[in-house]
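Just so you know, the sequences run in chain order P and S.
Heads up: the first sequence begins at 1 in the numbering used here, then just goes up one per residue.
Heads up: the second sequence begins at 1 in the numbering used here, then just goes up one per residue.
Among the clues, some could well be false.
As the list claims (entries may be wrong) - What follows is a set of in silico ranges between Cβ atoms, one per label pair, in the way DEER data are often shown:
(1) P:R76 with S:H149: 30 to 36 Å
(2) P:K10 with S:V148: 48 to 54 Å
(3) S:D81 with P:L5: 53 to 59 Å
(4) S:W354 with P:P142: 45 to 51 Å
Derived from the structure by calculation, the hints contain no laboratory data.
Heads up, the beta-carbon is just placed ideally off N, CA and C, and yes, glycines get one too.
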Amino acid sequence: MLRTLQQILKTGIVTEAPPAPANELRVRETLESRIREVLGRALCIREVDAGSCNGCELEIHALGNPVYSIESLGIRFVASPRHADLLLVTGPVSRHMEVALRRTYDATPDPKLVVAVGDCGACGGIFGSSYASCGAVANVIPVDVVVPGCPPSPTRILAGILAAISQSPVRST
Amino acid sequence: MTRAASTQAGAAVLQLVVEPHEWRDLAQDIAVAGGRLLALWGTNRVGQCDTLHAVAIAPPRLLLISVPIADGTRQYPGVEDVFPAASRMQRAVFDLCGLRSTDRDARPWLRHAAWPADVFPLATDPMPSPPQSLIDDYQFVRVEGDGVHEIPVGPVHAGIIEPGHFRFSVVGEKVLRLEERLGYVHKGIERRFTQMPILEGHRLAARVSGDSGVAYAWAYSQALEQMTATALPRRASHLRALALELERIANHLGDLGALGNDAGFAFGLAQFSRLKELLLRATEQALGQRYLLDLVVPGGTRNDLAPAGAAGLDECMVQLTDEVAVLRGIYEEHTGLRDRFAGAGTVLPELANWLGLVGLAGRASGQALDLRVDAPCAPYAELSVLRCVQQDGDVLARVTVRFDELFESLRLVRQALRTMPSGEYVTAVPVPLSGAFGVGLIESWRGPVIVGLEAGPDGSILRCHPQDPSWHNWPALEHAIIGNIVPDFPLINKSFNLSYSGHDL
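Just chain P, with the same shape it has in the complex (with noise of 0.2 Å):
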């Protein structure tokens, strides 16, 4: 417990601070800003894995790292499309998870954004369409915004959950 509470307190806090000039903080602090101001409240989203490579899970596993610490933002994952503002979804998308990805966006409440993550959820990637892969998310269910990149790296990510904010309008509390 002790060492623990040392590691702890010899970390400290490495998340990167807002008023840094560098790009990826930009958006974060854009972003914080604009969840407020559209949701009033946590933005909540639903990953789904519809078909990728996993390359794309991993950075957006690295969302949650204390360096980009998405949650401090007012971000979180959930586990259930009932309870998404937001779906996060990588593909192309497999035949084979068509149905189980309409079903997904079915679930989740209306009004709901769609964010297509990786070269793939973007336009079918090196994957392509055949008779197994629908290709782009957008040959599946409504897509608001694309985030290219093989796999797009964690703060182009950030940027793409901020642009289909910044489109939806302002929410009624």
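Chain P is fixed; fit chain S onto it per the hints.
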């Protein structure tokens, strides 16, 4: 039976062509000699016999086996009683190629409802348009009895994970049986390969399972380099090993954090994910990408090590070595963690041996195979990797193997940096002749990644089959969970951390 022997990839390679009726005997001989089936795939040929291909290893021998299947029969003897992991591979061979084993379980495996049962994506061209209804009815094995009920989970899971379906049969909280159903992320990778130029296939190979991109791109390139007798520059193989060990470190750091978190110790996730971010940034500085999906190319690597990045990488290794040592101490003295880790999800060595468990999960259950040691390609013979083995086969053993391998990889990265040869990092690879055949074998962080590659005419790919170590280890997870409670499943599952994408293809 015809034989051809050569030495490559550090092991004695034996190429065998056997008749279908000899295949079972050969499989039994391999099993008796303590060997492992590593890969199994079918190849459809227009105007010629279709072929079943297998890769097996019985250190120090590596066996590349082809079984021509006479026209019209489309059937071969099954070997699931010899190598249990062959069962699902054989079902996949049927789904994709239409070659049927004689084994009893003939349920579809990779095919759900995207294409009809009499259509085989690797043998049919063009493919018919997909059916209207994408719902199918898979026959799960039912467990009957007083108080038994089923818990269906997935394909969409609660966390940020790949999709798959788990069917638990439970009494109270205790799991009587788990049946996995995979294939949800089948995206037609093997057919896609046949539409690509052979000199570009490494890009798709790297995306078979993104967390093992270096291993796959290397295995693909290794197969291609064999086929074209390309001599890899020494600097190129060193750079690849550097990248492969960085990939291993990144995944082990991620898993060790996630395992702490799944046992209720959020501190572990925060600390290890912080270290992983440090590593990814140092990797990007040194080699140009956080995840090195595009680094390995046929003939070498896409880019060289950035001079300033090399020093940064070395500093990062020193820092990680110190910090992981502190965290390991904390994990080891934390009684709550030990209580969750010890005795959970046990696969004892005897069962592991029977199931053919491979990779880090195999080594945590006493199965020593590590291709970096047993069939080392350059530069692993000169790096001399320390094999990390445990015998208990539980979550704790898999955590221990991860820690041990993490330290070993940190050492290997520093050694690779120190001994980095000068010279070219890439050489030209010619287009292979039609019919040329090669097999690449690389020990990824998860286990052996195999790529079988056969050239078609004019620089095309006739067949490329990537085999993920998850094929061998998914069946073991069904055994590991028996008798454990449902809430321990995420922890046990994470301790294996198997690939869905690499398996579903």
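Taking the hints in turn, this is what the structure says about them:
Between R76 of chain P and H149 of chain S the C-beta distance comes to about 32 Å, which sits within the given range of 30 to 36 Å. Taken as a hint, the range 48 to 54 Å holds for the pair K10 of chain P and V148 of chain S, whose Cβ atoms sit roughly 50 Å apart. At about 55 Å, the CB distance of D81 of chain S to L5 of chain P agrees with the hint of 53 to 59 Å. Range check, W354 of chain S to P142 of chain P: Cβ separation about 50 Å, and the 45 to 51 Å hint holds.
In this structure, none of the earlier numbered hints is contradicted; all agree with it.
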